[in-house]
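Participant: Now for the letters of each chain:
Protein chains: 2
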Amino acid sequence: MARNKDFDEDTVLESAMRLFWQKGYSATSMKELEQVMQLKPTSIYNAFGNKRNLFQKALKMYMNTIMVGFLDSVNHAESLQDALSDVLDGVVRLHFNKAHPGGCLIMLSIQESEQHDVQTKTILDSAIHQLRDAMIKRFRLAQQTGEISASRDSKVFANHVTALIAGMITMARSGFTRNELKKLVQSSGDCLIQQYRH
Amino acid sequence: MARNKDFDEDTVLESAMRLFWQKGYSATSMKELEQVMQLKPTSIYNAFGNKRNLFQKALKMYMNTIMVGFLDSVNHAESLQDALSDVLDGVVRLHFNKAHPGGCLIMLSIQESEQHDVQTKTILDSAIHQLRDAMIKRFRLAQQTGEISASRDSKVFANHVTALIAGMITMARSGFTRNELKKLVQSSGDCLIQQYRH
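From first to last, the protein sequence lines are chains A and B.
The opening residue of the first sequence carries number 30 in the working numbering; numbering runs sequentially from there.
The opening residue of the second sequence carries number 30 in the working numbering; numbering runs sequentially from there.
Please note that a few of the clues may not be correct.
Note: identical chains are not told apart, hence a pair may lie in one copy or across any two.
Restricting the straight-line Cα-Cα distance to at most 25 Å, the calculated cross-link-like pairs of lysine-lysine (DSS-like) are [unchecked claim]:
1) K150 - K127
2) K52 - K89
3) K150 - K52
4) K52 - K86
5) K166 - K127
6) K150 - K211
7) K60 - K80
8) K127 - K89
9) K80 - K52
10) K69 - K86
11) K86 - K184
What the hints contain is simulated information worked out from the structure, not anything from laboratory work.
Owing to the predicted nature of the structure, the values given are computational and were not obtained by experimental measurement.
In isolation and in its complexed conformation, chain A is listed as follows (with noise of 0.2 Å):
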């Protein structure tokens, strides 16, 4: 049985997406994602499910068409440089664009982890390991080409740019100018590659 929808889902699941963001899971209401998303309660729950279900499919979204843009700039980089840069510059981006609610919802629903269940949490889990992952992968590109030492090693080298995309997050969070974090990608990149060229 079709049910005739006077709503598009993509448009009031960004909303959901965008309040999650800003406050977080259990900050979220359900009478405020009634309000953003300009449904009664059982449209959205015919529709998205219960207030997990709604979280879940906000965070694939967000993986879908914010996340992606960082797995995009480490994957298609001309150099493991460039890959550097892009990313950690997409940190300072995601956060001062104005259209944004600020910070990052995955990297706030980590550190919210207990308000999840298991499942959320290995979605998380996984998102954060792919952007990682993909990170190892162009570095070990970087390493066929020359632009780095074939000795050194490429997951303790993904795991300090993932740490810094975690921290620059928190940092924009917490009253650190745009300017200070500009300066960082510049300067870490540069201890990165520097590093790791020998």
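Take the given structure of chain A and dock chain B to it, following the hints.
Facilitator: For chain B alone, coordinates are given in the frame of chain A:
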């Protein structure tokens, strides 16, 4: 008028601190606080004020008991290299200490900054900046003793360390192992010290 309290303020405040540290601000209900503090709502209110006041007191306790250890290890290390490895090792120990709820109350609360009022946000921003500023001070001392180059920018160095601290806490909460993070402490410390030596 002295009230005859039948509880120790520090003990019950510590219980509240640990619950906020585990769950986050909004996800912690007054009902759960009453349970872990083993107090009636009116006793909590009389001793600590409302939920926001209680959270601020818990945050101050965290700064005076947990964060102070990080500042001490930066201020009292023999060298900048030691300061760096002590503080990053401290992050790993903080999370993996079985007596702790995991993660860091300050980093969690910064991610949840939308849940806090202006006064609490100011305390949170000042906490992460205190840590950064201690690293700047230790860096300048290392410039005087000749451990690192006098021409390098202390603020950029300290911001890189702050990003690693905040980022490693997020990684610890998302399935990165103790061993992976210990390797990162070693390699990121080497990376930074080598870069700033010249």
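Participant: For every hint, state whether the structure bears it out.
Facilitator: Taking the hints in turn, this is what the structure says about them:
1. Taking the closest pair of Cα atoms, K150 and K127 come within 25 Å of each other only across two copies (20 Å); inside a single copy the shortest separation is 28 Å, beyond that limit.
2. Both within a single protomer and between protomers do K52 and K89 lie at most 25 Å apart by alpha-carbon distance, with minima of 17 Å and 23 Å respectively.
3. Taking the shortest alpha-carbon separations for K150 and K52, both the intra-copy value of 18 Å and the inter-copy value of 14 Å come in at or below 25 Å.
4. For the homomeric pair K52 and K86, the shortest alpha-carbon distances inside one copy (17 Å) and between copies (22 Å) are both at most 25 Å.
5. In the homo-oligomer, the alpha carbons of K166 and K127 never lie at most 25 Å apart, since the shortest distance is 32 Å inside one protomer and 34 Å across protomers.
6. Only between protomers do K150 and K211 lie at most 25 Å apart by alpha-carbon distance; the minimum there is 23 Å, versus 31 Å within a single protomer.
7. In this assembly of identical chains, K60 and K80 lie within 25 Å of each other by CA distance both inside one copy and across copies; the values are 11 Å within and 21 Å between.
8. Taking CA atoms no more than 25 Å apart as the test, K127 paired with K89 passes inside one copy only; the shortest distance there is 22 Å, against 32 Å between copies.
9. Taking identical chains as interchangeable, the C-alpha atoms of K80 and K52 lie at most 25 Å apart whether they share a chain (14 Å) or sit on different chains (18 Å).
10. For the identical chains of this complex, K69 and K86 are intra-copy neighbours only, at 18 Å inside a copy versus 39 Å across copies, given an alpha-carbon limit of 25 Å.
11. Proximity of K86 to K184 under the C-alpha cut-off of 25 Å is found in neither arrangement, the shortest distances being 30 Å within a copy and 40 Å between copies.
Hints 5 and 11, counting from the list given before, are not met by this structure.
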